Amino acid sequence: MTITEAARRPVLELTGIGKEFGAIRALHGVDMQVFPGEVVGLMGDNGAGKSTLVKIIAGNFHPTHGEIRFAGSAVHFNRPVDARAVGIEVVYQDLALADNLTAAANVFLGRERKRKFGPFALLDHKAMAARTLELFGELRSETRPYDLVKQMSGGQRQAVAIARTRLSNARLVMMDEPTAAISVRQVEQVLSLIHRLKEQGVAVMLISHRMPDVFAVCDRVVVMRRGEKRADKPIHETSPEEVTALITGAKEAA
Amino acid sequence: MAIPLESPITFTNVGKIKWWQRGIFASQTGYVLLALAVLLVIMHFASPYFFTEGNMQNVAKNFSFIAIATLGVTFVIITGGIDLSVGSMMCFSAMITSMVMTELSTPGSPGAALFVHMAADGKTVLANVPGLILLVSIVAGLGVALIAGLVNGFCIAVLGLSPFVTTLGMLSIVRGLGYVVSNGRGSFPGGPDADYFYALTSGDVLGVPVPFIYLVILALAMAIVLHHTSFGRHVFALGGNEKAAELTGIPVVRVKIEVYVICALAAGLQGIIISGWLGSAPANMATSYELNVIAAAVIGGANLAGGIGGPLGAIVGCVLLEVIRNGLVLAQVSSYWQQTLVGVIIILAVLVDRIRSRMI
Numbered sequence: 001m002t003i004t005e006a007a008r009r010p011v012l013e014l015t016g017i018g019k020e021f022g023a024i025r026a027l028h029g030v031d032m033q034v035f036p037g038e039v040v041g042l043m044g045d046n047g048a049g050k051s052t053l054v055k056i057i058a059g060n061f062h063p064t065h066g067e068i069r070f071a072g073s074a075v076h077f078n079r080p081v082d083a084r085a086v087g088i089e090v091v092y093q094d095l096a097l098a099d100n101l102t103a104a105a106n107v108f109l110g111r112e113r114k115r116k117f118g119p120f121a122l123l124d125h126k127a128m129a130a131r132t133l134e135l136f137g138e139l140r141s142e143t144r145p146y147d148l149v150k151q152m153s154g155g156q157r158q159a160v161a162i163a164r165t166r167l168s169n170a171r172l173v174m175m176d177e178p179t180a181a182i183s184v185r186q187v188e189q190v191l192s193l194i195h196r197l198k199e200q201g202v203a204v205m206l207i208s209h210r211m212p213d214v215f216a217v218c219d220r221v222v223v224m225r226r227g228e229k230r231a232d233k234p235i236h237e238t239s240p241e242e243v244t245a246l247i248t249g250a251k252e253a254a
Numbered sequence: 255m256a257i258p259l260e261s262p263i264t265f266t267n268v269g270k271i272k273w274w275q276r277g278i279f280a281s282q283t284g285y286v287l288l289a290l291a292v293l294l295v296i297m298h299f300a301s302p303y304f305f306t307e308g309n310m311q312n313v314a315k316n317f318s319f320i321a322i323a324t325l326g327v328t329f330v331i332i333t334g335g336i337d338l339s340v341g342s343m344m345c346f347s348a349m350i351t352s353m354v355m356t357e358l359s360t361p362g363s364p365g366a367a368l369f370v371h372m373a374a375d376g377k378t379v380l381a382n383v384p385g386l387i388l389l390v391s392i393v394a395g396l397g398v399a400l401i402a403g404l405v406n407g408f409c410i411a412v413l414g415l416s417p418f419v420t421t422l423g424m425l426s427i428v429r430g431l432g433y434v435v436s437n438g439r440g441s442f443p444g445g446p447d448a449d450y451f452y453a454l455t456s457g458d459v460l461g462v463p464v465p466f467i468y469l470v471i472l473a474l475a476m477a478i479v480l481h482h483t484s485f486g487r488h489v490f491a492l493g494g495n496e497k498a499a500e501l502t503g504i505p506v507v508r509v510k511i512e513v514y515v516i517c518a519l520a521a522g523l524q525g526i527i528i529s530g531w532l533g534s535a536p537a538n539m540a541t542s543y544e545l546n547v548i549a550a551a552v553i554g555g556a557n558l559a560g561g562i563g564g565p566l567g568a569i570v571g572c573v574l575l576e577v578i579r580n581g582l583v584l585a586q587v588s589s590y591w592q593q594t595l596v597g598v599i600i601i602l603a604v605l606v607d608r609i610r611s612r613m614i
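Each protein sequence line maps, in turn, to chains A and B.
1 is the number of the first residue of the first sequence in the numbering used here; add one for each residue after it.
255 is the number of the first residue of the second sequence in the numbering used here; add one for each residue after it.
Just chain B, same shape as in the assembly (with noise of 0.2 Å):
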């Protein structure tokens, strides 16, 4: 043979890659995350109010109202599908829970038997363990996100419809049942474990908002799912090269539904989290969120066209969105330009990608 199979391989052809070439450093997430140094350095000069503790907490809760759903949705993103269902099942899925909280807490009412019942002086007393209406009620909420999420994957795995138009559907179908079951009112989470309920969406521990606690650990989860499980491998190839993931025995149905799931899961939670800081469920609730989610997790380089994305990407993009919507406040700029500037920095963020890809 010409050559001799035994000698160790070299790599006198090959030039080793420069670390600002990879990773982080190349990619849309690595200068977002600069842009945004950049402009809390500039939100800082500019207005003394900016650093404050009480408008960091701020912040940190604002971001992290739409920072889960946009985890969910980047898993969506990164097999190259889109999920527009987001906004519907965040509202949908909170009201179920205030529904079936105040339902289980009103004695007489169906179910409730197991939960409450009537003390001799009219007072509401729990004939159970405390917690359990609320983890009854989550579970609920959870559940029709689940459902959801199973059929979008249905459809857009198995039946093959396109993934813009079915979950484009379930926006309109969630939206509408919200409706149904609402009649159009909001609802309230009540009953004892009300108070539970309000601890766990909107309190803070040791300062720190609960939302964003809950935002951290979700992150490091997806970091290590994305990129040491094979589930994660599996969505990136599916993101890279559906045939491949095919031929190569990827089970590409079962880890598209899976994805759906995950990110109407992770709407239905966010919306829960939004209902517990607002008080209430009213159903416009979320209206167009999945926009503002969408476009996040674009900003933080997630690729439409499938294969890259990340949580620290997705973090990024809430994290950015919602400085510059603080900042225009405290700069007393009209909140409407938001939107505006939202827009333009979408644009600006997938340009600056597509310059930086031609150079290298």
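Pulled out of the complex, with its shape left as it was, chain A reads as follows (with noise of 0.2 Å):
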């Protein structure tokens, strides 16, 4: 990282995040930052907390304690929906699609094109088709605006999971494993979809067991283990050894 972006504000900035179930302490103490155009990657084991910590961002649940604050000032979500009217966006592992609707019809749920004719709106399909074809194109996926999610691949699917994040000016969209059920050559697509993110000031948060997806892409690694942060480092400060090992608990901190 740079030093001008350094000195810029973080977008997300969490303190003191903690999170429990009951009697099971799910996060403890989690600190971390977020800054405008960094991709970060979130690494961990199964029920490391990473699901957990991205839910609560994404507004999902609320944190036990600490504080989210975004673009400098604190928030408090009661739904996603309030997350993503601030500017946060999220791609859900099993990706949240209709199988009975057309993929434009996905990209654009709960927020439909629409025009009007006398008293009233009926829904924009040649605009939304246009507008989900566009950004098919720019994820160089082969999918039709109006073909329908059960027919497609999984690879489909999840470009037309990423294509709704890219509808509104996002600031910070997190990624949960996109790259986990998809061919080769989507990964590379998907990959550079997270650039083109990045250089439009977008902040990236992936969610990933992929090692080398992480190293391709990420800035940052911040390694959780047991509902703890151990290790939030840039990524050519450490190594992929390094991480396995922080994650596995073979090495405590870092």
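These are computed hints drawn from the structure, not numbers from a lab.
Nothing here was measured: the structure is a model prediction, and the numbers come from that model.
Check each hint, because a few of them may be wrong.
Said to hold, decoys possible - When the alpha-carbon atoms are kept at most 27 Å apart in a straight line, the in silico DSSO-like pairs for lysine-lysine are as follows: (1) A:LYS233 x A:LYS198; (2) A:LYS55 x A:LYS233; (3) A:LYS126 x A:LYS116; (4) A:LYS150 x A:LYS126; (5) B:LYS497 x A:LYS55; (6) A:LYS114 x B:LYS497; (7) B:LYS497 x A:LYS150; (8) A:LYS251 x A:LYS233; (9) A:LYS114 x A:LYS126.
Build the complex: two chains, separate frames, hints provided.
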């Protein structure tokens, strides 16, 4: 990271985030900052607390402790929609797609474009399809806007889910295992999309198990273990070996 | 970057889906429509009376008597819910409508002073614009349906009760209330506006039965709402993946309440129309109609798992049921066979759909 970027204010700032589910302590004292145009890899084994952290930032859960600041001001999200309203987009691992609808309908779900016909506002199918095709073009995905999602491959579904985050001017995009279920070629496409988001000053949080992907696109890697942040390092100061050691607990902290 | 981002997108890997594998051709509605066409041809050869004007009018009228409620229940089924209370709702709305109408038309009864008064010669005279009594009583009938629909929607969407149990309860509640208000007796639409009432519910325009006209208008409106408004899209999304709908910010609770209200209103309207045709609203009217209505929706292609359905399917389902009923009568088959056959068709329609979706 360059000095000018570091001097800028973080887009997302977590202080002492903790979350308990009954007697289970899922997260404890997580401090973290994400800067505009930065790609942060969030790594950790199953049950390390990555998903809980993402869900707190996305507004699915309230944190039991701590404070979230987004773009400088403290925020409290009651629902995922609140988080989206300030500019946080999430690509969920199960993609959150409605199988019975077309790609375009899924991309615009919940924020349909409409045209006025007298007192009625009807869906503007053409404009939505055109914009969707444009987004798929950017993602290099061979997906037709009018095809049903249930007839699509894993990669195409991923493209639909990612295209959705590109609709609004998101300032932080969190991706939960975006490369887990897709082909090698499509992984390349997703990673290049992450680069494009970065160029536009969007912060990206990449939750992934795939070490090569993290080291290919991330500026910084954060490692979680047992609900705590164990490491937070620029990518060039660490190595896959060290990260693996941190994830498994062979190395306690770095 | 490995892949240039500017070159235009190509579809070398992804074939276009063939026309017969999409839209109506790939839907249960499509081949049930085909089956209906075949059935109509068979009926034409089986009975010379089938394609007569009188019989066609009869068929159109009869299927319209459940089709409007089927449109309503299709909304609910698309969201992945079910409404078992439609039959009771038909009865209750019809009953309230005719009771309010009779009440308001009887001089001396509470509330009637606004609408009628007794003339010197002992005749009842309208104190107001003609048709006002009718309007008020229909609004009252639909009003109770609206309330029941809101209660259904509230229990299901807000309290999270299962649609099956909630509406099963509502079936009983509404039927019971019908017996309570009427004391088990039927009620008859009466008073000076009764003629308008009969004209609006069982009359015809240029030989076309009015219920059929209402049905066509409502079906067109439903098609537009389902496919060209964001509400319709949210209804489908809710049936396709409720969790996704919630995550993308769709007001799930509101949409759910709205579909149960629409369903109850459609059933109420249907009940009022049926009572006009019957000339009365007996307390046991439309008993077990919910089964016919749901069967028609399912035969027409609405998927009880949610996400699929539409007005065309609802109507096709109703027509098919009615043509079979009508056909069995014309063929002088005992009408007791009808129910058995309907059951067989429900299973066949769903079975064929399963086989077809495995083949693709």
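Structure-inconsistent hints, enumerated in ascending order: Violated: none.
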